[in-house]
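Student: What follows is the residue order along each chain.
Protein chains: 2
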Amino acid sequence: MTTSASQTPDFSKGDGLLPAIAQDAATGEVLMLAYMNQASYDETVATGRAVYYSRSRNKLWRKGEESGNVQTVKGIFLDCDADTILLKVDQIGGAACHEGYSSCFFRQVTPAGLKVIGERVFDPKEVYKKK
Amino acid sequence: MTTSASQTPDFSKGDGLLPAIAQDAATGEVLMLAYMNQASYDETVATGRAVYYSRSRNKLWRKGEESGNVQTVKGIFLDCDADTILLKVDQIGGAACHEGYSSCFFRQVTPAGLKVIGERVFDPKEVYKKK
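So the protein sequences, as listed, match chains A and B.
Taking numbering that gives the first Met the number 0, the leading residue of the first sequence gets 0, the next gets one more, and so forth.
Taking numbering that gives the first Met the number 0, the leading residue of the second sequence gets 0, the next gets one more, and so forth.
Isolated chain A (complex conformation) (with noise of 0.2 Å):
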């Protein structure tokens, strides 16, 4: 029950992979979780700029990268027990998620089965044309 002494994110824990919370940081709406590794974290930190580690394609993923919507980094925070990161960032572009969303969390669960409750920003056909 004591607060983690560490000075930055435990990646000893997660098999070196931490789940990192993007917030937009004048909204507070939450955009989008994804995973850091030790390289991505300090890449992040570095740079001002989000850059994640893709599970998917085992590598770092700087965040807009393709797309163009950057997240630069506001505020980085840590939680009680230094395994989850929180990051506000300005998304630029006004979208997070690849479906053209301002947050990857666009559904709701409702008895009825999910419901979209947001609205696009940008049409995913026309950002990522090589796809």
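No lab work stands behind these hints, which were simulated from the structure alone.
Treat each hint with caution, since some may be false.
For identical chains, the list gives no copy identity; a pair is met inside one copy or between any two copies.
Cross-link-like lysine-lysine pairs, in silico, DSSO-like; alpha carbons within 27 Å at most [as the list claims (entries may be wrong)]: (1) LYS73 x LYS114; (2) LYS73 x LYS12; (3) LYS12 x LYS114; (4) LYS128 x LYS73; (5) LYS58 x LYS124; (6) LYS73 x LYS124; (7) LYS58 x LYS114; (8) LYS58 x LYS128; (9) LYS114 x LYS124; (10) LYS73 x LYS58.
With the hints as your guide, set chain B onto chain A.
Tutor: This is chain B only, laid out in the frame that chain A set:
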């Protein structure tokens, strides 16, 4: 690049444990991140109170069962990959963190090290007297 068609979280990922973010429904403050398995998710949906799965104790964790600081669920959202859950909650007692802060993310990363930016709502020694 397609939206998952599933209507529920995809617990086939992450060895059956998915990250769940709790956000204050009124203020937008990100309170904590914990994990859910299918059973904890189902109980959360059924009861309207946040139930997580404790990885350290290997059992369901009915948030607030010891402190009384339960979370009343106001909305449940899934991300584009259906592998992260966002709960908008009313945090009873005003503090989600076992350290007595409203949010577990009460420390900011600064060039001089971690800086406590939250204010304590309760004294953990008083709330967790059995510990």
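Student: Hints broken by the structure, by number, lowest first?
Tutor: 4, 6 and 7
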